[in-house]
Amino acid sequence: MVASTSDPQVNMVLENIETMVASEGGTLEFVNLGETSLHVKYLPGINEECPECVPTRDNVEMFMTMSLKLHAPQITEVTVEEGPPNA
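Anchor point for the sequence shown: position 5 equals 57 in our numbering, and the numbering is continuous, going up by one each time.
Rather than coming from a laboratory, the hints here were simulated on the basis of the structure.
Watch out, some of these pointers could steer you wrong.
[Unchecked claim] Taking CB as the label site, the calculated pair distances span:
1. 100 / 68: 24 to 32 Å
2. 60 / 98: 18 to 26 Å
3. 68 / 99: 15 to 23 Å
4. 55 / 114: 32 to 40 Å
5. 61 / 97: 22 to 30 Å
6. 100 / 136: 34 to 42 Å
Glycine included, each C-beta is placed from N, C-alpha and C at the ideal position.
From just these sequences and the hints, can you work out the full model?
Right, here's the structure in full:
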């Protein structure tokens with residue numbers, strides 16, 4: 053489960069996106085929340101039977117940006133970094 057932020061609306065968006073990427077074996081990690089920005093790290097999953105089913109970093113950023121516009125419009129900058137989770 054992705055770490056919680058101080059904003060329940062941002063948490064809801066993170067949880068929804070995390071559920072989407074986890075269905076294909078991916079992970080989402082909260083990095084930082086600013087007044088108007090959100091930074092997360094995304095590690096794509098692997099689906100050998102349907103590689104195109106695994107969301108790309110750009111897809112995750114687009115889904116997150118669109119969801120935040122609806123649920124947490126104060127967040128206007130989204131950064132999705134692709135890479136392994138921090139230990």
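Taking the beta carbons of residue 100 and residue 136, is their distance inside 34 to 42 Å? 20 Å, violated
Is 18 to 26 Å respected by the C-beta to C-beta distance linking residue 60 and residue 98? Because 32 Å falls outside the window, the suggested range is violated.
State, for the Cβ atoms of residue 100 and residue 68, whether the hinted interval 24 to 32 Å holds or is violated. With a Cβ separation near 26 Å, residue 100 and residue 68 satisfy 24 to 32 Å, so the hint holds.
Mind checking the hinted window 22 to 30 Å against the Cβ distance between residue 61 and residue 97? Given range 22 to 30 Å: holds, Cβ gap about 26 Å.
Cβ distance range 15 to 23 Å for residue 68 and residue 99, holds or violated: The hinted range 15 to 23 Å holds for residue 68 and residue 99, with Cβ atoms some 20 Å apart.
Verify the CB-CB distance for residue 55 and residue 114 against the hinted window 32 to 40 Å. Violated, since residue 55 and residue 114 (Cβ atoms, about 22 Å apart) do not stay within the stated range.
In this structure, the earlier hints numbered 2, 4 and 6 are contradicted, and the remaining ones agree with it.
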